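Line by line, the protein sequences are chains A and B. Quick note on this note's numbering: the first sequence kicks off at 1 and runs consecutively. Quick note on this note's numbering: the second sequence kicks off at 1001 and runs consecutively.
These are computed hints drawn from the structure, not numbers from a lab. Heads up, a few of these hints could be off.
One-sided excerpt, in silico: chain A residues whose CB lies under 7 Å from chain B [stated by the list, open to error]:
hint, residue
1, Thr20
2, Trp110
3, Asp112
4, Pro359
Since the structure is predicted, the reported quantities are computational estimates derived from the model, not experimental observations. The beta carbon of each residue, even a glycine, is placed where N, CA and C say it ideally should be.
Number of protein chains: 2
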Amino acid sequence: MKIGILTIGNELINGRIADTNSSFIAREMNLRGWPVEIMMSVGDDFDTIKTRLHYLLTFTDAVICTGGLGPTADDITTAAVAKAFGLPLLMNDAVLTDLKEKFARYHLRWTDNNAKQAMFPQGAQVIANPVGSAAGFALPVKNKLVFVIPGVPSETRRMLPEGVLPVLHRYFPQAVAHTTKQTIKTFGLSEAAVDERLADIHFGALGVSVGFYPVFPENHVVLIASDPDAAQAQKNLQKAVDEVSARLGDCIFSYGESGLEEMIGASLAEKKLTLSVAESCTGGLIANRLTDISGSSVYFERGLVTYSNESKIQLLGVPSDIIEKHGAVSKETARRMAEGVRKLAGTDLGLSSTGIAGPTGGSPEKPVGTVYVALADTNRTICRHFAFRWDRIRNKQVSTEAALMMLHQYLQGKTQHDE
Amino acid sequence: MKIGILTIGNELINGRIADTNSSFIAREMNLRGWPVEIMMSVGDDFDTIKTRLHYLLTFTDAVICTGGLGPTADDITTAAVAKAFGLPLLMNDAVLTDLKEKFARYHLRWTDNNAKQAMFPQGAQVIANPVGSAAGFALPVKNKLVFVIPGVPSETRRMLPEGVLPVLHRYFPQAVAHTTKQTIKTFGLSEAAVDERLADIHFGALGVSVGFYPVFPENHVVLIASDPDAAQAQKNLQKAVDEVSARLGDCIFSYGESGLEEMIGASLAEKKLTLSVAESCTGGLIANRLTDISGSSVYFERGLVTYSNESKIQLLGVPSDIIEKHGAVSKETARRMAEGVRKLAGTDLGLSSTGIAGPTGGSPEKPVGTVYVALADTNRTICRHFAFRWDRIRNKQVSTEAALMMLHQYLQGKTQHDE
């Protein structure tokens, strides 16, 4: 079975937005053994969509389209697809009712152009959108399939696995082996280093395909086992997971889709521990990530973004002579910040960051990217030093990740020492 | 003149690498008034490259290909293009000499497969590669042009403006219109509302194209004017900008690429004002965005993520009876938070947020998405109430944007009152 991808939107062909859906879809298809033959992007133009779609179907079995499902006049994908196959557009009452309910629930003013999002070509099967207003659809045409889903990446990422893949599996059962998938999330190794550590594993012999996906600053390894027999696929996958685990060890923080903040949240809640944070170079990003988790108020007591020296002294009780002698960016200050916030907030744990995010503020002894993170509990404080090498935004991200990773490993009971 | 883009590489169609060249090339073309009709990605396959290239040339005037120019066996773009037009491959002695010199200079061992990079289809004009080994070429075929340049983004980014554009200008002099562009960033209106407000502007009559780009929670409007005369293009653009400004008014926060945090940073620095932030529902995201700007330490003194009631009372001096009577999520608490952090930090301004990000914690009187943001200066405190309707992450994002927008409008001297 050959797959074509058609991403639709003027914002793509005028270069305003880089298409990230195509590579996401291609990866998901490829991991399941369905080769992508072609990826194409075109503008929101009636005839173009129609013509290109017909062309793609001459040499593929299924075309997955994204984009152009909004309520405004320039979003014409559904109408163009209907026209391409001479099908009338029909109102789907269930979708219309659902749309109107969403509008009512959120106190949005209903305007008639929104009804457009409840119209589908005759014969289409609706694909629900769990995270947005525009539903998608699957349209069987002449033993082939056309899918249309929204182009908003967060919606594409949900609707492809939840809505598109099941239909593909149903229509092309001969292409289907049992597949089972495991994501392994790591931090602390470069992509090349992950690649090198896994080089001696014979994934092919295990019937497992492996993908490496850098999601800055993390590296994710995705293993997919395919076999006609479901139990065998699961067994092969487990073997591959064990091999990978043995080689990546403590750099692994999650088996599955959970992020570091979720893993930490679950541990803190389970152990009934509370946390406070004092940030300098990360500027609030540690607190922001921790509070992305629903229910974080149970364990996250407060976060202080002590950007000025004065705030470090006044709120955290960092002695001014420590800052004068060692600098605000130093092991000593990081330790005092973690201890200070823990004491002030009366929490079990205190986590801190201090560093130079850049691009200015570096010196020969402490260049841009110099970062200290520290973690204090009742008995002791541990501190780690890093020398990052990114731009300001990414230095903040990787410093936040390093602080959270330190906390995660502590909560997992892994040996911690100053570095 | 219509442009097609063909990116070539197995790493693209298996999803391992996201194509960034296409959007780069499209943007450069579009800004020069040369519309990109289509972007296509295919694998390193002889027949595929040949067939798709012919297809693209049926409805475009020039096709720009990237990728597949390396020395290894899987890089076959040059040979496939030659075959597509029945042309022999000829050795270019100047390029061969240059290649061998580069190898000698960098002490690389010369192997014969590298000579492949000095072979070009008969009639091709070589495009020099100032940053890598693989030269590209332009091939005129039947009043059309095919370009082939490397797919390494840093090489594409040099060779497009330096090698491709001059040839395009030479072959299609009549196509050159002057193009000028304006981005207008807004917050506070839905995409549909922006669309509706601008519906009566006749952009076409002004020679201006308009694009709407939702970048949650903002909506960006991009206007592009094209005209053979540069002054006329600028005049038409200004007319369109004026019309849009009149209709979107205070929802506009930026004319250009700057974000809200940059606009605010520039205003605070210019007015020599300092700022502190007290956050509850936004969980550190306000501080994080403000500190994304290099040099923010000049005006951003501290941020407090007062997640617990205790921290609001202890650090910000919010009276406990205010929290008991009105709740932590209330106008009264928001106001006291902004005033409290301003006083504690000794800054000119204090900004606060409190609300229910969800998905839990809502009540009939205060459903999920209830948010208050407040801003205090020496003389007064203003507070705004919002009822958002997103998931937790997006409620945090939109609440942060609302707080920053309030601050931005204040700094612009716009009338502010409680809402």
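Each hint tested on the structure:
A least Cβ separation of about 6 Å between threonine 20/A and chain B falls short of the 7 Å threshold, and the interface hint therefore holds. The restraint placing tryptophan 110/A at the interface with chain B is violated, with a minimum CB-CB distance near 11 Å, outside the 7 Å limit. The interface hint given for aspartate 112/A is violated, since its Cβ lies 11 Å from the closest Cβ of chain B, which is over the 7 Å cut-off. Hint on proline 359/A holds. Least Cβ distance to chain B is approximately 6 Å, under the 7 Å limit.
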